[in-house]
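**Q** Listed here are the chains, written in short residue letters.
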Amino acid sequence: MKSILPITTVSIVIVILWYGFSVVLNSTWTKDQANRAGVEVTFSEILKDTMVQQRPLLPAPHQVIIELWDTTVNKKITSKRSLVYHGWITLSATLLGFVIGTGLGVMLAIGIVHNKAMDYGVMPWIIASQTVPILALAPMIIVVLYSIGLSGLVPKAIISAYLSFFPVSVGMVAGFRCPDPTQMDLLKTYAAKKSQLFWKLRVPISMPYLFTSLKIGVAASLVGAIVGELPTGAVAGLGARLLTGSYYGQTVQIWSALIGSAILAAILVGLIGLIQKHTLNRMGLAR
Amino acid sequence: MNSTVVMDTEPVIKARKLGLVFQTKDSPVEALKDVNIDIEQGDFVSLIGPSGCGKTTLLRIIASLDKPTAGDITVNGMTPEEARLQRAYGYVFQAASLYPWRTIAGNVKLPLEIMGFSKTEMNERVKKVLDLVHLSGFENKFPWQLSGGMQQRASIARALSFDADILLMDEPFGALDEIVRDHLNEQLLELWKSTGKTICFVTHSIPEAVYLSTRIVVMSNRPGKVVEVIESSLPRERPLDIRDSPEFIEIAQRVRMDLRMSHSYE
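Protein chains in written order, with our numbering: chain F, 1377 to 1663; chain C, 5 to 270.
Since the hints were derived computationally from the structure, they do not count as laboratory data.
Among these hints, one or two may not hold up.
[What the hints assert, rightly or not] Partial chain C-side listing against chain F, Cβ under 7 angstroms, derived:
{"no.": "1", "residue": "V25"}
{"no.": "2", "residue": "R88"}
{"no.": "3", "residue": "Y95"}
{"no.": "4", "residue": "F97"}
{"no.": "5", "residue": "I118"}
[Stated by the list, open to error] Restricting the straight-line Cα-Cα distance to at most 27 angstroms, the calculated cross-link-like pairs of lysine-lysine (DSSO-like) are:
{"no.": "6", "chain 1": "C", "residue 1": "K29", "chain 2": "C", "residue 2": "K71"}
{"no.": "7", "chain 1": "F", "residue 1": "K1564", "chain 2": "C", "residue 2": "K37"}
{"no.": "8", "chain 1": "F", "residue 1": "K1564", "chain 2": "C", "residue 2": "K18"}
{"no.": "9", "chain 1": "C", "residue 1": "K71", "chain 2": "F", "residue 2": "K1570"}
[Claimed, not checked] Label pairs and their in silico Cβ distance ranges:
{"no.": "10", "chain 1": "C", "residue 1": "L244", "chain 2": "F", "residue 2": "I1651", "range": "48 to 58 angstroms"}
{"no.": "11", "chain 1": "C", "residue 1": "G141", "chain 2": "F", "residue 2": "K1569", "range": "30 to 40 angstroms"}
{"no.": "12", "chain 1": "F", "residue 1": "N1657", "chain 2": "C", "residue 2": "K197", "range": "18 to 28 angstroms"}
{"no.": "13", "chain 1": "F", "residue 1": "D1556", "chain 2": "C", "residue 2": "Q149", "range": "17 to 27 angstroms"}
{"no.": "14", "chain 1": "F", "residue 1": "A1504", "chain 2": "C", "residue 2": "S140", "range": "55 to 65 angstroms"}
{"no.": "15", "chain 1": "F", "residue 1": "S1505", "chain 2": "C", "residue 2": "R20", "range": "49 to 59 angstroms"}
{"no.": "16", "chain 1": "F", "residue 1": "K1569", "chain 2": "C", "residue 2": "Q191", "range": "28 to 38 angstroms"}
{"no.": "17", "chain 1": "F", "residue 1": "T1384", "chain 2": "C", "residue 2": "G141", "range": "21 to 31 angstroms"}
{"no.": "18", "chain 1": "C", "residue 1": "T28", "chain 2": "F", "residue 2": "D1556", "range": "16 to 26 angstroms"}
By construction, the Cβ of each residue, glycine as well, lies at the ideal position given by its N, Cα and C atoms.
Throw the hints in and build the complete structure from the sequences for me.
**A** Given below as structure tokens:
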């Protein structure tokens, strides 16, 4: 409960700033219009106009909220104009990509921790993989996969996995490596097998790392899925909403898709946070 | 002469001309040199010496956590590694090093899980050893909910749970205050008497060594060597106030003299 005050304060500040920028940025258009019509506009008229423009440079918060409400609650979720419909398209690619990415990330981490050659040979490539801008890579992945007959969900999921395996593998390498020498020696005195060392020590000790990695990973997955929708001129998904919005100058639509994806990311991260809390509580690691 | 007699007289732990040289960046460090030691079945042997004298290293070699670079050592007539693979000993570390994500019962169960005991057997053993260290009722607590002394008792229970004949203890009470330490020393003696285990105990406290041991191995540093092995004339039955007896004081003085003569405190 103590967190409510700071959270509200920050939210209010953001909203106030947002409105401020809306007024400043949108007023240019209002003044131009008035100039052309040869009329003088007062400050209160500018203020009023900047809040209700059709294609504002920066939509005011309430415009975005109304658009969000309109495209989620007031539309059937099967409708092409429903944000829920588009959200689901992106979410399905996100989740598939997240599962692939997490699986790959954990497997790589296991390999790296157990094998010196992999540590030296693979780790640099993992890091190099993330220095290539995904925006440059995404179209190529889509084209290559299309040529072997894959389109739609899978290519997007692969781009999404490409972004999410990284935080998971790096985080889990750190997690699997955190047992201290005494904790390792202890198992050695029991003549424990390597697999037992892994399951009884490395896995449980890495749990806090796992959840942190998953949170970063799922957010990266969502970004990947959206990016994967951009180069194809996709007809559905949050990325498609962003794209069509920018084609037609529908800034309100762009911003509502943006806020929509932010909300989706928050829900995903929040869900992982809940599982984290529950798991670490049961393990006695949350204090 | 039949073979069982030979088995009985063979020391549980036997080291001859044992040496260990650590390779460090600037120069090799001689941690142990020409160590000869015999630990008999049922002995309570303390290794005492200043820090850096290799007493922990010696214990780690016995446990096959470190490898000697010279000499011979056998544990139960085998190499230390063979003995370790046969789970010949329980090891108690300086810090309790309980796994924080396991409850007390879960921690005691850890070696049993690894060694593949059945579920009912595990539960029986956990109950028995927690009783032995007076921790019944704390099964479901997490380590951080217990005091340092209780944590160390739990780690002793963990080392006892699979009933190895040898107990290796590396300054287990070093970090505890004197009141708790006295109490745990008393309990440890009780435990040793009731289980008949062979205990090898590292300490740098003279009263602790004299109070607990049947034999005291005094070590010196640079290089780590055995200065003298003192046989204790104290009876096995040892109330705490035995520490005020002339006999006790005499042994303590001898240990102190040995320690003083053998080191230079640069």
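**Q** Next step is simple, just say for each hint if it's right about the structure.
**A** Hint-by-hint comparison with the structure:
Hint on C:V25 is violated. Least Cβ distance to chain F is approximately 20 angstroms, over the 7 angstroms limit. Of the supplied interface hints, the one on C:R88 holds, with its beta-carbon coming within about 6 angstroms of a beta-carbon of chain F, less than 7 angstroms. For C:Y95, the shortest C-beta to C-beta distance to chain F is roughly 4 angstroms, which falls under 7 angstroms, so the interface hint holds. Taking 7 angstroms as the C-beta cut-off, the interface hint given for C:F97 holds, the closest approach to chain F being about 5 angstroms.
For C:I118, the interface hint holds, the least distance from its beta-carbon to any beta-carbon of chain F being 5 angstroms, beneath 7 angstroms. The suggested pairing of C:K29 with C:K71 holds, with an alpha-carbon distance near 19 angstroms, which does not exceed 27 angstroms. Note on F:K1564 and C:K37: the hinted pairing holds, with a Cα-Cα distance of about 25 angstroms set against a maximum of 27 angstroms. Between F:K1564 and C:K18 the CA atoms are separated by roughly 22 angstroms; this keeps the pair inside 27 angstroms, and the hint holds.
With a C-alpha separation of about 20 angstroms, the suggested pairing of C:K71 with F:K1570 holds against the 27 angstroms cut-off. The hinted window of 48 to 58 angstroms between C:L244 and F:I1651 holds, with their beta carbons roughly 52 angstroms apart. A hinted range of 30 to 40 angstroms for the beta carbons of C:G141 and F:K1569 is consistent with their spacing of about 33 angstroms. Range check, F:N1657 to C:K197: Cβ separation about 42 angstroms, and the 18 to 28 angstroms hint is violated.
The hinted range of 17 to 27 angstroms is satisfied by F:D1556 and C:Q149, whose Cβ atoms lie roughly 21 angstroms apart. As the Cβ distance of F:A1504 to C:S140 is approximately 57 angstroms, the hint placing it in 55 to 65 angstroms holds. Look at F:S1505 against C:R20: about 56 angstroms separates their beta carbons, and that is inside 49 to 59 angstroms. F:K1569 and C:Q191 have their C-beta atoms about 33 angstroms apart, which keeps the hinted 28 to 38 angstroms range intact.
F:T1384 and C:G141 have their C-beta atoms about 46 angstroms apart, which leaves the hinted 21 to 31 angstroms range violated. As the Cβ distance of C:T28 to F:D1556 is approximately 21 angstroms, the hint placing it in 16 to 26 angstroms holds.
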